[in-house]
Amino acid sequence: MRTTQHEPHEETLGERLRSQGISRRGFLKFCGLLASSMALAPAMVPKIAAALEQAKRPSVIWLSFQECTGCTESLTRSHSPSIEGLIFDAISLDYHHTLQAASGYGAEEARAEAMKEHYGKYVLVVDGSIPIGNPGFSTIAGISNLDMLKEAAAGAAAIIAVGTCAAFGGLPKADPNPTGAVSVADIIKDKPIINVSGCPPIPVVITGTIAHILTFGIPELDSLGRPKAFYGQNIHDRCYRRPFYERGLFAETFDDEGAKAGWCLYKLGCKGPVTYNACATLKWNEGTSFPIEAGHGCIGCSEPNFWDFGGFYKALSIPTGMTGQTAVYAAAAGIAVGVAAGAMNKKAKMDADSLHKTVTVDELNQESPS
Amino acid sequence: MNEVDFLLWVKGPAFTVAVVIFVAGLVLRLFEILSLGRKHNFAVSKGDPMQGGLREMWRRSIPADKATFERSLFTIVAGYVFHIGLFVVIFLLAAHIALIKSVIGFGWPNLPTPVVDAFAVVTMIALIAVLVHRLRHPVKRFLSKPGDYVVWAVTFLPLLTGYMAYHHLLLSPQMMLGLHILSVELLLVLFPFTKLMHAFTLFLSRWYNGATMGMRGVKS
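Just so you know, the protein sequences line up as chains A and B, in that order. For what it's worth, the working numbering labels the leading residue of the first sequence as 47, then goes sequentially. For what it's worth, the working numbering labels the leading residue of the second sequence as 6, then goes sequentially.
There may be inaccurate statements among the hints.
[What the hints assert, rightly or not] Computed cross-link-like contacts, SDA-like style, restricted to lysine to any residue with a CA-CA straight-line distance of at most 25 Å: (1) K162/A with N180/A; (2) K393/A with S177/B; (3) K392/A with H45/B; (4) K395/A with P197/B; (5) K200/B with K274/A; (6) K360/A with P197/B; (7) K360/A with N7/B; (8) K44/B with V405/A; (9) K392/A with L41/B; (10) K102/A with A203/A; (11) K71/B with S177/B; (12) K106/B with H342/A; (13) K93/A with S65/A; (14) K306/A with A103/B; (15) K306/A with T118/B; (16) K395/A with N46/B; (17) K106/B with R293/A; (18) K392/A with K200/B; (19) K395/A with P114/B; (20) K44/B with G152/A; (21) K392/A with S40/B; (22) K102/A with G116/A; (23) K360/A with M180/B; (24) K360/A with S177/B; (25) K274/A with L174/B.
FYI, nobody ran anything at the bench for these hints, they're computed from the structure. Note that the coordinates shown come from a computational prediction; the quantities given were computed from them, not determined experimentally.
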């Protein structure tokens with residue numbers, strides 16, 4: 047971690063990796079993984095390698111606001127020592143208050159210096175949401191999150207919102223949102239923002255997005271501002287349990303025969319059908335598995351407001367507010383109005399009866415006046 | 006409002022409002038009809054009205070009269086196809102059963118999803134066929150009012166959006182699922198106040214017709 051000293055920025059990523067003892071083979075393997083995860087043709091691998099080789103180490107400022115550090119944990123504890131970690135090391139991470147050695151004034155000075163030196167060029171990474179209910183809810187060195195974000199965003203070339211809190215508000219924004227938490231995109235409107243959502247995001251998705259910015263610039267984004275390369279696939283469409291969904295075979299509890307046989311977890315609350323992420327393809331822990339493979343439904347953590355989806359263990363089709371009791375009250379109201387309407391109809395009928403004039407035989411026998 | 010907010014809205018407050026209007030409206034309409042009552046008949050009739058009513062409920066549910074069946078072959082067959090299809094799609098899809106279970110407290114086994122999917126396609130084809138028939142048949146066309154086309158549309162839309170949400174067509178699954186739920190909410194809200202009410206009044210009126218015919222006597 048460099049906080050006060052900056053290495054010369056002429057050094058390219060390729061040189062940096064070689065000096066770290068990364069073999070050409072290992073490097074190309076990473077490029078291949080990157081290409082496949084971004085759905086690029088294998089022919090692109092040498093191009094990615096060449097572009098990465100030549101990439102200059104950009105200055106990165108990482109701001110952590112209302113977050114749990116899970117996103118940083120995901121990145122740093124991924125597979126150590128991994129080539130992704132070294133790629134990460136190969137960027138000039140000038141400020142990250144969890145990872146940097148410096149603290150207090152020294153740390154803040156490093157941030158100010160990096161912002162000044164690389165104004166208009168640095169990449170700003172944000173994890174955590176920003177409270178706008180009261181600036182005092184979350185501060186760093188006495189500076190509110192809102193002020194620090196605005197100040198740092200002003201000189202950023204691009205912003206990467208890492209994690210669902212920074213991308214969409216996340217847990218702090220969950221109902222009833224006591225801090226008035228908002229996402230980065232809710233505040234910053236004039237900079238390219240790349241949302242790398244997830245709680246936390248997959249490590250290779252974070253590094254892959256950074257690598258994409260280094261090689262090809264801002265990646266193609268979906269309607270929610272997420273890189274299509276990683277968030278273009280629906281979990282449900284890519285799920286290995288999908289055949290069980292098709293056959294209508296569902297686990298009813300977490301320990302029944304269906305669960306043991308690996309049946310679909312839809313009824314146990316899996317949000318895979320409405321979730322876009324790379325979990326089902328890239329997987330976690332060096333491609334070991336992902337939540338659904340471990341027997342738990344997808345909670346939809348890369349989607350906005352996933353905490354308020356109506357319960358992690360309730361099927362997607364179950365309404366969030368409706369209860370049987372509400373239906374009973376509605377029926378009672380219906381009966382009450384029905385009684386009133388019935389009484390009115392009955393009265394109309396009785397009125398008609400009372401107005402009915404009985405015709406006598408004499409009247410019938412009367413000759414018409416004509 | 007992004008598409009996830011929209012989905013949460015249709016799953017949450019909008020669904021509650023729709024079900025409250027549906028249930029209250031349904032009960033209101035049925036109660037209003039039943040509370041009208043009938044004059045007590047003091048004359049002893051020869052036939053049993055109850056027996057006649059029950060017989061008619063059954064008899065009109067099967068194509069018992071050959072001449073009528075042959076004359077209205079298309080209407081009867083297409084009508085049965087889409088009604089059976091609607092039953093299968095609404096009540097035998099796993100996701101729908103999970104929803105019903107959450108509201109009424111119990112569920113039942115589901116069919117494999119592609120089977121329900123096939124029923125949905127057949128139902129949509131049958132619904133389009135009856136619409137075309139209605140538009141091309143001079144008498145049916147003359148008798149049709151705007152309300153009849155509204156009822157057709159609110160029945161067709163949930164099928165179409167549900168099919169598209171399941172197959173991830175056109176829009177994102179969140180948006181399509183949201184539109185599917187919204188279209189069902191439209192159906193629920195209009196249900197008690199349109200001809201869709203026939204789902205609940207059908208057997209009442211069949212019974213009443215049968216009871217009148219089965220009475221065989223003079224009313225006091």
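Now for the hints, and whether the structure bears them out:
no.: 1; hint: K162/A with N180/A; verdict: violated, 28 Å
no.: 2; hint: K393/A with S177/B; verdict: violated, 55 Å
no.: 3; hint: K392/A with H45/B; verdict: holds, 15 Å
no.: 4; hint: K395/A with P197/B; verdict: holds, 24 Å
no.: 5; hint: K200/B with K274/A; verdict: violated, 46 Å
no.: 6; hint: K360/A with P197/B; verdict: violated, 29 Å
no.: 7; hint: K360/A with N7/B; verdict: holds, 22 Å
no.: 8; hint: K44/B with V405/A; verdict: holds, 22 Å
no.: 9; hint: K392/A with L41/B; verdict: holds, 6 Å
no.: 10; hint: K102/A with A203/A; verdict: holds, 14 Å
no.: 11; hint: K71/B with S177/B; verdict: violated, 49 Å
no.: 12; hint: K106/B with H342/A; verdict: holds, 21 Å
no.: 13; hint: K93/A with S65/A; verdict: holds, 21 Å
no.: 14; hint: K306/A with A103/B; verdict: holds, 21 Å
no.: 15; hint: K306/A with T118/B; verdict: holds, 21 Å
no.: 16; hint: K395/A with N46/B; verdict: holds, 17 Å
no.: 17; hint: K106/B with R293/A; verdict: holds, 20 Å
no.: 18; hint: K392/A with K200/B; verdict: holds, 24 Å
no.: 19; hint: K395/A with P114/B; verdict: violated, 48 Å
no.: 20; hint: K44/B with G152/A; verdict: violated, 94 Å
no.: 21; hint: K392/A with S40/B; verdict: holds, 8 Å
no.: 22; hint: K102/A with G116/A; verdict: violated, 28 Å
no.: 23; hint: K360/A with M180/B; verdict: holds, 20 Å
no.: 24; hint: K360/A with S177/B; verdict: holds, 21 Å
no.: 25; hint: K274/A with L174/B; verdict: holds, 18 Å
Violated hints for the displayed structure, listed by number in ascending order: 1, 2, 5, 6, 11, 19, 20 and 22.
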